[in-house]
Amino acid sequence: MEMKITRLEMDIKRLLSVCEDMAQNNLSDDWKLSKYIEAVSEMITELIKKSDPDKDSLNQYTKRMQFLQGFLNTKEIKNPEEKLVALEMLEPTQVSNSRTKDIKHKYKVTYTKQLRDELLGNDVNEFKSFKQSDVDSNDNLNELLKHHQNKQDSIAEELIAITRGLRENSELAGKIIKKDIEVLEKSSKGMDTNYENLKREEQKLMEFVRKSSWRCWIWVLAVAMVAIFIKMILFIKVTKKN
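According to this note's numbering, the sequence shown is numbered sequentially starting from 2.
Check before you lean on any hint, since a few could be wrong.
[To be verified] 16 Å max Cα-Cα, derived EDC-like pairs, lysine to aspartate or glutamate:
1) K109 - D55
2) K107 - D22
3) K64 - E83
4) K14 - E82
5) K176 - E92
6) K105 - D118
7) K105 - E89
8) K50 - E10
9) K36 - D22
10) K105 - D22
Since the hints were derived computationally from the structure, they do not count as laboratory data.
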């Protein structure tokens, strides 16, 4: 049976789409995006309190909101390499109308370019400094070209190391998430088992109470019959004396 989508859920979906559009289009109003994300978080909390939303839908809303918050945090990081690492840790949501995957891909390209520009910029500065002091002869020119080639090789090695580090961080994040999922599944199974045990104990208690009530009435009737019997004997004795 398909669950009816409430007005609040529709508002959450609309606001999430607006936030993703702002993030994808690289709008400069980060403060506005931050306020929108806070509003989404409050609306999700309100949705949980006021209704019983579909668990899968609620999970997707929460993941999209957390991705956007994480993305916004990466923009505040100054170091391009740290930006790339933080972005790689974010997990896009697998929803047809979500653009989190596109956002991650776009900013991965952007942050990689920033890192490359920073590395090349440092190299250019060293190149100029070297050129101003030692470019007067062919020997110095060859030495300069060799130095430049060495720097290019160094940059390539750094990029390879960064890529390897990102891959390792991604694998580590995947293992951590998998472990968390396993813990949640075990907790869920434990809760189900406890619930079944509680139901069985409740049934036993109800059965005991039912039997106890019958026993109580039997004792009451027995006491009443004994009392009546004693009264009859006393009545007979009194009658005989008279």
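Those earlier numbered hints the structure runs against, lowest number first: Violated hints: 1, 3, 4, 6; rest satisfied.
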